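2 protein chains.
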Amino acid sequence: MRVLTKDAASHIDKKITVKGWVHRIRELGAISFVLLRDRSGMLQIVFNGKVGFTHESVISVQGTARANAKAPGGVEIQDAVAVALASADPDLPVPVNGDPDKLSLDAVLDNRMISLRIPKILGIFRVQSTIVKAFADYLRGKDFTEIKTSKLVGSGTEGGAGLFSVEYFDTKVFLAQSPQFYKQALVASGLERVFEIGAAYRAEKHDTARHLNEYVSLDVEIAFIDTERDLMDLERGILKAVFAAVSKENAGELAAFGACAPESRSVDSIPVVGYDEGKDIISERGGRRVFDINPEGERLLCDWALEKHGVDAVFVNAFPRKKRPVYAYPDGLKTMSFDLLFRGLEITTGGRRINEYPMMLDALSKFGLTAEGMGAYMDIFRYGCPPHGGFAIGLERLTQKILGLQNVKEASLFPRDRKRTRP
Amino acid sequence: MRVLTKDAASHIDKKITVKGWVHRIRELGAISFVLLRDRSGMLQIVFNGKVGFTHESVISVQGTARANAKAPGGVEIQDAVAVALASADPDLPVPVNGDPDKLSLDAVLDNRMISLRIPKILGIFRVQSTIVKAFADYLRGKDFTEIKTSKLVGSGTEGGAGLFSVEYFDTKVFLAQSPQFYKQALVASGLERVFEIGAAYRAEKHDTARHLNEYVSLDVEIAFIDTERDLMDLERGILKAVFAAVSKENAGELAAFGACAPESRSVDSIPVVGYDEGKDIISERGGRRVFDINPEGERLLCDWALEKHGVDAVFVNAFPRKKRPVYAYPDGLKTMSFDLLFRGLEITTGGRRINEYPMMLDALSKFGLTAEGMGAYMDIFRYGCPPHGGFAIGLERLTQKILGLQNVKEASLFPRDRKRTRP
Numbered sequence: 001m002r003v004l005t006k007d008a009a010s011h012i013d014k015k016i017t018v019k020g021w022v023h024r025i026r027e028l029g030a031i032s033f034v035l036l037r038d039r040s041g042m043l044q045i046v047f048n049g050k051v052g053f054t055h056e057s058v059i060s061v062q063g064t065a066r067a068n069a070k071a072p073g074g075v076e077i078q079d080a081v082a083v084a085l086a087s088a089d090p091d092l093p094v095p096v097n098g099d100p101d102k103l104s105l106d107a108v109l110d111n112r113m114i115s116l117r118i119p120k121i122l123g124i125f126r127v128q129s130t131i132v133k134a135f136a137d138y139l140r141g142k143d144f145t146e147i148k149t150s151k152l153v154g155s156g157t158e159g160g161a162g163l164f165s166v167e168y169f170d171t172k173v174f175l176a177q178s179p180q181f182y183k184q185a186l187v188a189s190g191l192e193r194v195f196e197i198g199a200a201y202r203a204e205k206h207d208t209a210r211h212l213n214e215y216v217s218l219d220v221e222i223a224f225i226d227t228e229r230d231l232m233d234l235e236r237g238i239l240k241a242v243f244a245a246v247s248k249e250n251a252g253e254l255a256a257f258g259a260c261a262p263e264s265r266s267v268d269s270i271p272v273v274g275y276d277e278g279k280d281i282i283s284e285r286g287g288r289r290v291f292d293i294n295p296e297g298e299r300l301l302c303d304w305a306l307e308k309h310g311v312d313a314v315f316v317n318a319f320p321r322k323k324r325p326v327y328a329y330p331d332g333l334k335t336m337s338f339d340l341l342f343r344g345l346e347i348t349t350g351g352r353r354i355n356e357y358p359m360m361l362d363a364l365s366k367f368g369l370t371a372e373g374m375g376a377y378m379d380i381f382r383y384g385c386p387p388h389g390g391f392a393i394g395l396e397r398l399t400q401k402i403l404g405l406q407n408v409k410e411a412s413l414f415p416r417d418r419k420r421t422r423p
Numbered sequence: 001m002r003v004l005t006k007d008a009a010s011h012i013d014k015k016i017t018v019k020g021w022v023h024r025i026r027e028l029g030a031i032s033f034v035l036l037r038d039r040s041g042m043l044q045i046v047f048n049g050k051v052g053f054t055h056e057s058v059i060s061v062q063g064t065a066r067a068n069a070k071a072p073g074g075v076e077i078q079d080a081v082a083v084a085l086a087s088a089d090p091d092l093p094v095p096v097n098g099d100p101d102k103l104s105l106d107a108v109l110d111n112r113m114i115s116l117r118i119p120k121i122l123g124i125f126r127v128q129s130t131i132v133k134a135f136a137d138y139l140r141g142k143d144f145t146e147i148k149t150s151k152l153v154g155s156g157t158e159g160g161a162g163l164f165s166v167e168y169f170d171t172k173v174f175l176a177q178s179p180q181f182y183k184q185a186l187v188a189s190g191l192e193r194v195f196e197i198g199a200a201y202r203a204e205k206h207d208t209a210r211h212l213n214e215y216v217s218l219d220v221e222i223a224f225i226d227t228e229r230d231l232m233d234l235e236r237g238i239l240k241a242v243f244a245a246v247s248k249e250n251a252g253e254l255a256a257f258g259a260c261a262p263e264s265r266s267v268d269s270i271p272v273v274g275y276d277e278g279k280d281i282i283s284e285r286g287g288r289r290v291f292d293i294n295p296e297g298e299r300l301l302c303d304w305a306l307e308k309h310g311v312d313a314v315f316v317n318a319f320p321r322k323k324r325p326v327y328a329y330p331d332g333l334k335t336m337s338f339d340l341l342f343r344g345l346e347i348t349t350g351g352r353r354i355n356e357y358p359m360m361l362d363a364l365s366k367f368g369l370t371a372e373g374m375g376a377y378m379d380i381f382r383y384g385c386p387p388h389g390g391f392a393i394g395l396e397r398l399t400q401k402i403l404g405l406q407n408v409k410e411a412s413l414f415p416r417d418r419k420r421t422r423p
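Order-wise, the sequence lines are chains E and P. Residue numbers for the first sequence, in my numbering: 1 to 423. Residue numbers for the second sequence, in my numbering: 1 to 423.
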C-alpha cells in the first residue's frame, strides 16, 4: 500500500512504501540522500552506499519512516530499498531541481514536457485548477447552469477580423473568438443564468506578454439585470470566492511566488470610474493627455486605485458606443459596458447587451451591419429575449496576476502564439 | 424583488413580482390564463380580459399569489398586471409549448435558438450540466487536478487521418482529436492524477446517430496503476457519482424522458469480457460468426449483459494490439486496454499506456513509426514516466444514453456534423 510523502510522518517507525520521482541525489560515500517527489510533496530517503538511478527516474521505495529533526519535514525513510519503475536519461534539457527563475521563457516553453516538472512551475497549474473550481462552484451556488458550446462557427462575434479558419469538409468555418452569441441564446432559452469554461481563439499577430492566440475564457451570462452594475457585483462575488479558495488551497504555491490574493474587503473597495474619468486620471498621472486607455494607462489607473482606494484594481464603465461591439446596450452616447483592470491588466470585458429586437436593428444599421448577415443570432431577439448581460474573465490572465507572473504565456500549459505551435 | 415561479407557493395572499416567458395563453373572454415560464418552472397567471402579448414574449407580472387547487402546482397569480420586457414575433418557427417528439431532428436543429426553449429539450442540457459537475467533483475528491490543454496541435494522437486543419498564420495546425499526449505529460510532470473537460474533433465523414465531428471529452489519466482493471474501478466510481447526481438533481428531466439512471449496485455488476469472448457472445446471439465488434455487436453484448448480469453495460478488455493505438500497454498479443459499452453504445475507450522508453521505441517500430516523428511526446518517456493509464468518456453519448435519446446530436447544444455548421 503506497503512502504519499506528505503522510509519512503519520507512520513513524513503521515500514512503508513510497513512490515518486528522484528530485535530488546527494551521495556522501557511505550513505546517499535522495529527495523523492510525489504529487503531495517531497520526502528524504536514506540509502546505504551509492544509488543506481538518475535524477527524474521514477522509483518505488520500501523502508522505515523515522523522525529526524534535520530532515525536511522532520521525517525520512531509512533502510531504504528501491525499485526503478522507469529510468530517466541523465541529459535533462532543463534542471528540474534548480531555480526556474534562472531559465529564459523560451527555455521553459521549448522544453515544456520537462519544465512542467519543476515544482514552482507546476504550482501555477495547481492554482489554475483551484480558480476553475471556485468559479464554477460559486456560479452553481447562484443557480447557474454550465454549458458547452461549439468552437466552430460560421462567422465571428466581433466582426470577421482576427479569426482562424478551419477547413471543414467542403467548406470553411472559423474558431470562435468567444461563446458570446451562444451564451446569449442559452439565457434567452430559459436557463437565464449560464456559464462556460472553454477555449477562445484570437488570430492576432502581436506577440506580447499579455496576449495568447488560444486561451481559456470563463464566460458568464445572466438575465433580468438592470445595468452593468449588477454584473460588477456578480464579478465581485466570483473574485472573492476565487481569491479565498486560492488563499486556502494554494498557500504553498502563493508563497513560492511571494504572492498573495486580495482579501474580500479589498474586492468590495474596487472603485468604478467612467471611461472619460479614467482617461483624465491617466492623463494627470502620466503627465500627458491620452485619448484612449492603453496598456500603460491600465497600469496607471491601477496605481491610482491602489493609492486612493487601497486596492490594485478598478472597474471602468461608460465606454462610448464606437469602442464597444454592436450588441452593447446604449446609454445615451455611452454603453452599459465595463472592463475590470486587475494589477495593471484588463482581465474582464462585459456589459449589458441589447435585448430588444427594434433596438438591435437600429444598432446594426449604425454599425453598417444587416439582420440577414447576423444569421440565427437575430432569432434570439426576434422571439422574446429578457434584459441580460455578462462578461468573460481570461483564465490565464487571472492566474498570471494572482501569482505575479511576468508573461501570460507562463500561465498556459501549452501556449500558442505567433510562432509557437508545439509541443 | 422578483420571486421565482417555484417559490410562489411560499407567498400565498401576498403581492409578488414574477418574470419570465409567456409559455401558453388561454383567453376565455372575461379572463385569460397565462402560463409563465422561468428558469425554475411554470406558474399560472390570471388576467382580466384579453392579454396584449404574444407567446414567448418576456413579461414582468405583479399580482397576488393565491392558493387554487385547480391551478398547476396549486397556486396562481390573481389581479395580475403585466409589463412587456421584450415582445416576441408571433411566427415562431417551432412551437415552444408543443410536444417536441412531433418535430423532426432537422426541425429541432435548424431552429436551435427556439427549439432550446422547449422545456423537455432544454432539460437535456440541465442533465449535461449535472454530469459535468459530478464528474469533476468526484475526481477532485480523489486528488485529481483539472487541466486545460491546447486544442491546436502539430499532428494527431492517433495518426494523421481524421484531422481538421487550421490555417495558423504562415503554417498549418490541426484540431486535437483528444488531449491524450498532454494528459500523459501532466501525469508524468508530477500531478499524477489529472482530468480535462474539453472539446475534441474528428474529421470523419460518416453522418450517423452516434457520431459528432465536435464533442466534449471527459478525460482522465492516473499514475501508479497496475492494469486496466484499476481504470475500470475508477470509472465505476465516476459513473456511480454521475448517476446518483442526475437521479437526485434531475428527477423532472428523467421523468420527462421516461428514463432512469442505473443504480449503484448495477454499476458494480457490470461484467468484464475479453475481446475474443465478446465476439463469441455476439456470434452466438447474432447467429453468425463476427470478426469485429461493430455497433450491432455492441448492442448484442449489452443485451447479453442485461440478461446475464442485470445491467445494460459491459466492459470489453484484452483488445489485440493491432486494434489499439501504438501507446497501448502490451500484454502478450493483447493490450491492457478496454472499452465500456453502455445501453448498446461505446461511451469510453481507455487503457494502461506504455510508460517505459525502450518499450515505446519497440512499439513505434512495430507500428512503422519513429521517435523523431513523435516530437516532444517522447520526452515524457525519456525522462522518467510512472506506470499510468486513463480513459475518456464522451459527454454527449453519456447524456444520450442516460436519457434514452435516439441521436447523439440531440445531446449537443450546437452539433457539428458533415453538413451542419450553424447555428
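Calculated directly from the structure, the hints in this document are not laboratory data. Please read these numbers as outputs of a predicted model, since none were measured by experiment. There could be a bad hint or two in this list.
Just a few of them, taken from the derived set where beta-carbon distance is under 7 Å, the chain P residues facing chain E [said to hold, decoys possible]:
#1 LEU85
#2 MET113
#3 SER155
#4 ALA161
#5 GLU167
#6 LYS308
#7 GLU356
A few chain P residues that face chain E, going by a derived Cβ cut-off under 10 Å, partial list only [unchecked claim]:
#8 SER32
#9 PHE33
#10 ARG37
#11 ASN68
#12 ASP137
#13 TYR201
#14 ALA223
#15 PHE291
Virtual Cβ for every residue (Gly too), placed ideally from N, Cα, C.
Hints versus structure:
The criterion of a C-beta within 7 Å of any C-beta in chain E is met by P/LEU85, whose closest approach is roughly 6 Å, and the hint holds. Taking 7 Å as the C-beta contact cut-off toward chain E, the hint placing P/MET113 at the interface holds, the least distance being around 4 Å. At a threshold of 7 Å, the smallest CB-CB gap from P/SER155 to chain E is about 9 Å, leaving the interface hint violated. Against a cut-off of 7 Å between C-beta atoms, the interface hint on P/ALA161 is violated, since the closest Cβ of chain E lies about 14 Å away.
Annotation: P/GLU167 was flagged as interfacial toward chain E, and the flag holds, the nearest CB pair being 5 Å apart, inside 7 Å. Violation of the interface hint for P/LYS308 is found here, the shortest Cβ-Cβ separation to chain E being roughly 34 Å, above the 7 Å cut-off. Taking 7 Å as the C-beta contact cut-off toward chain E, the hint placing P/GLU356 at the interface holds, the least distance being around 6 Å. With a cut of 10 Å, the hint placing P/SER32 at the interface with chain E is violated, because the nearest CB-to-CB distance is about 18 Å.
Interface restraint check: P/PHE33 against chain E, minimum CB-CB distance 19 Å, threshold 10 Å, status violated. Restraint check, P/ARG37 versus chain E: the minimum CB separation of about 6 Å is within 10 Å; hint holds. Hint status for P/ASN68 relative to chain E: violated, with the closest Cβ pair at about 24 Å, above 10 Å. At about 9 Å, the closest approach between the beta carbon of P/ASP137 and any beta carbon in chain E falls short of 10 Å, and the interface hint on this residue holds.
Checking P/TYR201 against chain E: minimum C-beta separation of about 8 Å stays under 10 Å; hint holds. Interface restraint check for P/ALA223: the shortest CB-CB distance to chain E comes to about 8 Å, inside 10 Å, so the restraint holds. Violation of the interface hint for P/PHE291 is found here, the shortest Cβ-Cβ separation to chain E being roughly 31 Å, above the 10 Å cut-off.
The structure fails hints 3, 4, 6, 8, 9, 11 and 15 (numbered hints given earlier, in ascending order).
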